[in-house]
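S.K.: If you read the sequences in order, they're chains A and B. Using this note's numbering, you'd call the opening residue of the first sequence number 24 and step up by one each time. Using this note's numbering, you'd call the opening residue of the second sequence number 24 and step up by one each time.
Among the hints, erroneous ones may be present.
Since the list gives no way to pick out one identical chain from another, each pair is judged satisfied if it fits inside one copy or across any two copies.
Here are the computed lysine to any residue pairs in the SDA-like style, where the Cα-Cα straight-line distance is at most 25 Å [claimed, not checked]: (1) 48 to 257; (2) 264 to 444; (3) 273 to 428; (4) 125 to 104; (5) 264 to 245; (6) 448 to 108; (7) 319 to 245; (8) 116 to 280; (9) 319 to 49; (10) 264 to 252; (11) 48 to 273; (12) 116 to 84; (13) 399 to 298; (14) 346 to 298; (15) 319 to 240; (16) 351 to 203; (17) 110 to 280; (18) 97 to 431; (19) 116 to 448; (20) 431 to 373; (21) 399 to 304; (22) 110 to 376; (23) 374 to 252; (24) 319 to 204; (25) 97 to 403.
Keep in mind the hints are simulated off the structure, nothing from the lab. Because the structure is a prediction, the values reported are computed rather than measured.
There are 2 protein chains.
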Amino acid sequence: MPSNVHQATCSAPVNIAVIKYWGKKDTTLILPTNDSLSVTLDQDHLRSVTTARADASFSNGDRLWLNGEEETIKDGGRLHRCINEMKKLRQAKESEDASLAKLSEWPVHVCSENNFPTAAGLASSASGFAALIASLAALYELQPQVSSSQLSRIARQGSGSACRSLFGGYVAWQGGNSPTGQDSLAVQVAPQSHWPELQALICVVSDAKKGTPSTAGMQQTVATSPLLQHRINEVVPNRMKSISDAIQNKDFDTFADITMADSNNFHACCLDTSPPIFYMNDVSRAIVQLVEELNKASEQEGNGKLAAYTYDAGPNAVLYAPKQNIAKILATIRHYFPNADFDDTFGLLGKGANASHRGPQEALGLPSDLPASFNKNVILVHEAGAIRRLIHTQVGDGPRLLERGAGKESLLGENGEPLRLQRAKRA
Amino acid sequence: MPSNVHQATCSAPVNIAVIKYWGKKDTTLILPTNDSLSVTLDQDHLRSVTTARADASFSNGDRLWLNGEEETIKDGGRLHRCINEMKKLRQAKESEDASLAKLSEWPVHVCSENNFPTAAGLASSASGFAALIASLAALYELQPQVSSSQLSRIARQGSGSACRSLFGGYVAWQGGNSPTGQDSLAVQVAPQSHWPELQALICVVSDAKKGTPSTAGMQQTVATSPLLQHRINEVVPNRMKSISDAIQNKDFDTFADITMADSNNFHACCLDTSPPIFYMNDVSRAIVQLVEELNKASEQEGNGKLAAYTYDAGPNAVLYAPKQNIAKILATIRHYFPNADFDDTFGLLGKGANASHRGPQEALGLPSDLPASFNKNVILVHEAGAIRRLIHTQVGDGPRLLERGAGKESLLGENGEPLRLQRAKRA
Numbered sequence: 024m025p026s027n028v029h030q031a032t033c034s035a036p037v038n039i040a041v042i043k044y045w046g047k048k049d050t051t052l053i054l055p056t057n058d059s060l061s062v063t064l065d066q067d068h069l070r071s072v073t074t075a076r077a078d079a080s081f082s083n084g085d086r087l088w089l090n091g092e093e094e095t096i097k098d099g100g101r102l103h104r105c106i107n108e109m110k111k112l113r114q115a116k117e118s119e120d121a122s123l124a125k126l127s128e129w130p131v132h133v134c135s136e137n138n139f140p141t142a143a144g145l146a147s148s149a150s151g152f153a154a155l156i157a158s159l160a161a162l163y164e165l166q167p168q169v170s171s172s173q174l175s176r177i178a179r180q181g182s183g184s185a186c187r188s189l190f191g192g193y194v195a196w197q198g199g200n201s202p203t204g205q206d207s208l209a210v211q212v213a214p215q216s217h218w219p220e221l222q223a224l225i226c227v228v229s230d231a232k233k234g235t236p237s238t239a240g241m242q243q244t245v246a247t248s249p250l251l252q253h254r255i256n257e258v259v260p261n262r263m264k265s266i267s268d269a270i271q272n273k274d275f276d277t278f279a280d281i282t283m284a285d286s287n288n289f290h291a292c293c294l295d296t297s298p299p300i301f302y303m304n305d306v307s308r309a310i311v312q313l314v315e316e317l318n319k320a321s322e323q324e325g326n327g328k329l330a331a332y333t334y335d336a337g338p339n340a341v342l343y344a345p346k347q348n349i350a351k352i353l354a355t356i357r358h359y360f361p362n363a364d365f366d367d368t369f370g371l372l373g374k375g376a377n378a379s380h381r382g383p384q385e386a387l388g389l390p391s392d393l394p395a396s397f398n399k400n401v402i403l404v405h406e407a408g409a410i411r412r413l414i415h416t417q418v419g420d421g422p423r424l425l426e427r428g429a430g431k432e433s434l435l436g437e438n439g440e441p442l443r444l445q446r447a448k449r450a
Numbered sequence: 024m025p026s027n028v029h030q031a032t033c034s035a036p037v038n039i040a041v042i043k044y045w046g047k048k049d050t051t052l053i054l055p056t057n058d059s060l061s062v063t064l065d066q067d068h069l070r071s072v073t074t075a076r077a078d079a080s081f082s083n084g085d086r087l088w089l090n091g092e093e094e095t096i097k098d099g100g101r102l103h104r105c106i107n108e109m110k111k112l113r114q115a116k117e118s119e120d121a122s123l124a125k126l127s128e129w130p131v132h133v134c135s136e137n138n139f140p141t142a143a144g145l146a147s148s149a150s151g152f153a154a155l156i157a158s159l160a161a162l163y164e165l166q167p168q169v170s171s172s173q174l175s176r177i178a179r180q181g182s183g184s185a186c187r188s189l190f191g192g193y194v195a196w197q198g199g200n201s202p203t204g205q206d207s208l209a210v211q212v213a214p215q216s217h218w219p220e221l222q223a224l225i226c227v228v229s230d231a232k233k234g235t236p237s238t239a240g241m242q243q244t245v246a247t248s249p250l251l252q253h254r255i256n257e258v259v260p261n262r263m264k265s266i267s268d269a270i271q272n273k274d275f276d277t278f279a280d281i282t283m284a285d286s287n288n289f290h291a292c293c294l295d296t297s298p299p300i301f302y303m304n305d306v307s308r309a310i311v312q313l314v315e316e317l318n319k320a321s322e323q324e325g326n327g328k329l330a331a332y333t334y335d336a337g338p339n340a341v342l343y344a345p346k347q348n349i350a351k352i353l354a355t356i357r358h359y360f361p362n363a364d365f366d367d368t369f370g371l372l373g374k375g376a377n378a379s380h381r382g383p384q385e386a387l388g389l390p391s392d393l394p395a396s397f398n399k400n401v402i403l404v405h406e407a408g409a410i411r412r413l414i415h416t417q418v419g420d421g422p423r424l425l426e427r428g429a430g431k432e433s434l435l436g437e438n439g440e441p442l443r444l445q446r447a448k449r450a
């Protein structure tokens, strides 16, 4: 592969909101009805990786592959807008420095892959668009003149919550007031290093019993829920301030209170939609009840809360907890929800990090160090597989530049098409 | 039995709210945070029956038996308040007419029974307190000088929603503004005869998978839900007006829209509580999705909505529908939820009224007259017994005086104790 190839490969993280984004006031620019705030998760465990290459010889314009499937870049569509905005930033740079290659005039090929399967039940659009923007920013050498917040404004137009994946740590998406979206962007509330002890346990919940999935979404809530306006005007502004303070103070109890209340408030607005939108199922609710009981019992001993739950637009729970509580929470979850596959990324079960524990497992007893007043009958032991998979991760950093040029990290082959397609053809 | 016994036996109906009552501003007087509105159901199918007797010779003070179990009448408790308020009304009457027996000074024995088992999943406190008040009002010969609205004010202090069971048809509980509760009472919005075609199908949902039941209730929502205030101040007042108009106009589409939206709004406030309160389960939600799909498909054919769902503080659905839609809805429910016991009170299945259809039944096909665009896959066919029981009933009348004196309707024996206890002793 020629060494003068114009290419960059970046990875970007998943983020899980603790103050939820639900509702757009502009569906084209993706301007949200309220601010939101998220925790960036560790790319060592969950990430999107994207290679972007600019080449004057590409003859079919801009092209993009996602997990090996080519996506159409529709005129005026989200991909088109993002790539064009990035080209404009490059163009501005080129117009200031005539010695630069005119990359902005060349077509780009983009290849993006997620390291987590759809089966993980995690939305990949946030990490995906963040990796797209990060790799184009690296390709075009836009930083540090262009800030990550400026980049987040572009990622936002791909997928709203993608803007928050442009930063590590604790990240706010300021909804902004401008009709052009100039001030609708992400800012870092605190870096990962400020409060690195926060970990996450993702509970991937089986949703096998569902019929036809609902097609209703956030704009249906905006149009029909009388409660959403109150959420937007009163509830979220207060919580943004309080949870930012809790993060500054590493005050897990307050962080947990607000996180759980806001998840419930968001799902309440979904339920208040006509027709109602249901994301949580009976298993989701059982996890809520279990966490509430764990917290109540811990508080009765004069200790703090053990964990906080939050649910996005699906049945999966994400549990946030300080590192020292995770083993206890994990064991409790595995008792009530047998047979979940477990990605033991931190070696909690004592068999080395990154072990996977799959398939049938013995009925597990409850951990011996639960608070004394914990009510064992708060929920029943569920049928095997009610939680399909457990993923243990932690707060993480922002997008990473993996490679400049076309080396071993490249997802694109010499011909500018995905390597995995070429490998598949050879096999 | 002596014929000069001072006794009355009354029955009172169940009511199911379409604008929900949730939250008290005074927990002793039971003053609600918002108005509510209900449909009274037919006593031919679901009722509480109460015999009240006053006798100077009763030597252990006031006593009350509910379904054969004696209840303690605690000083200052709800039963005590209700009986005392009724005695005061009698006393006022006696003070105006010296020829009247001084019943207000005599102890009362009260025996109350519900004709529906706990298994029906219906709250019995509304019909029970309404029957208590109605039977004491008949015993004391208070009506018509004391109006049903005045009686409802007393029933309200027993169980809030009981005040609405003092009327038949369509009934509003006006929350009122007075701190004494003088203006917190029920009024009839329209009699049963105004819109007699409205029928109900009660779907008793299995809740076998629940762990420890939640003890949190409406006052937890008042204390912690930021959305409830908006419901109280904005949502309910608008809906009370609109649904009253819809009832006046026999406009089922609007009635259904508001009924479903208010059920969802109420459960949204429960979910917005800390810790969250969940009443609906996966089966409840599947019924919602089925009804929403039936309505959408019917509207796509240019017809009106077929049914409206509403959920009280539990997983059971009550479906309201015009009489002509019930057979279609019933057959659809029985297709997706096999093996429900069915109380065929109207002889819909062609085997005579009041037949019961129990135990395993063949998998039932969908009815042939569903709207063409109905999506059969909106939900899956559930496991047998997911809905345990179906009860078909209709809008009904208010409390009935079954008997004055001690005849064949009496629940009390000659000795002033429940007949069913005497029968049980003899057996």
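S.K.: For each hint, tell me whether it holds in the structure or not.
M.R.: Now the hints, each set against the structure:
1. 48 to 257: both (17 Å within a copy, 22 Å between copies)
2. 264 to 444: neither (48 Å within a copy, 63 Å between copies)
3. 273 to 428: neither (40 Å within a copy, 72 Å between copies)
4. 125 to 104: Result: close within a single copy only, 19 Å intra versus 87 Å inter.
5. 264 to 245: both (23 Å within a copy, 23 Å between copies)
6. 448 to 108: neither (34 Å within a copy, 87 Å between copies)
7. 319 to 245: For residue 319 and residue 245, the Cα distance is within 25 Å only across copies (20 Å; inside one copy 34 Å).
8. 116 to 280: Classified as neither; 46 Å inside a copy, 56 Å across copies.
9. 319 to 49: Neither: 41 Å inside a copy, 27 Å across copies.
10. 264 to 252: both (18 Å within a copy, 21 Å between copies)
11. 48 to 273: neither (33 Å within a copy, 37 Å between copies)
12. 116 to 84: within (22 Å within a copy, 94 Å between copies)
13. 399 to 298: Answer is between: at 18 Å across copies they meet the 25 Å cutoff, but 36 Å inside does not.
14. 346 to 298: Classified as between: cross-chain Cα gap 24 Å, same-chain 40 Å, threshold 25 Å.
15. 319 to 240: between (34 Å within a copy, 17 Å between copies)
16. 351 to 203: Neither: 48 Å inside a copy, 51 Å across copies.
17. 110 to 280: neither (43 Å within a copy, 49 Å between copies)
18. 97 to 431: Cα proximity of residue 97 and residue 431: none, with 31 Å in one copy and 81 Å across.
19. 116 to 448: neither (39 Å within a copy, 98 Å between copies)
20. 431 to 373: Neither: 33 Å inside a copy, 75 Å across copies.
21. 399 to 304: both (21 Å within a copy, 21 Å between copies)
22. 110 to 376: neither (41 Å within a copy, 75 Å between copies)
23. 374 to 252: The answer is neither: 50 Å in one copy and 52 Å across copies each exceed 25 Å.
24. 319 to 204: neither (43 Å within a copy, 36 Å between copies)
25. 97 to 403: neither (49 Å within a copy, 36 Å between copies)
Of the numbered hints given earlier, the model fails hints 2, 3, 6, 8, 9, 11, 16, 17, 18, 19, 20, 22, 23, 24 and 25; all others are met.
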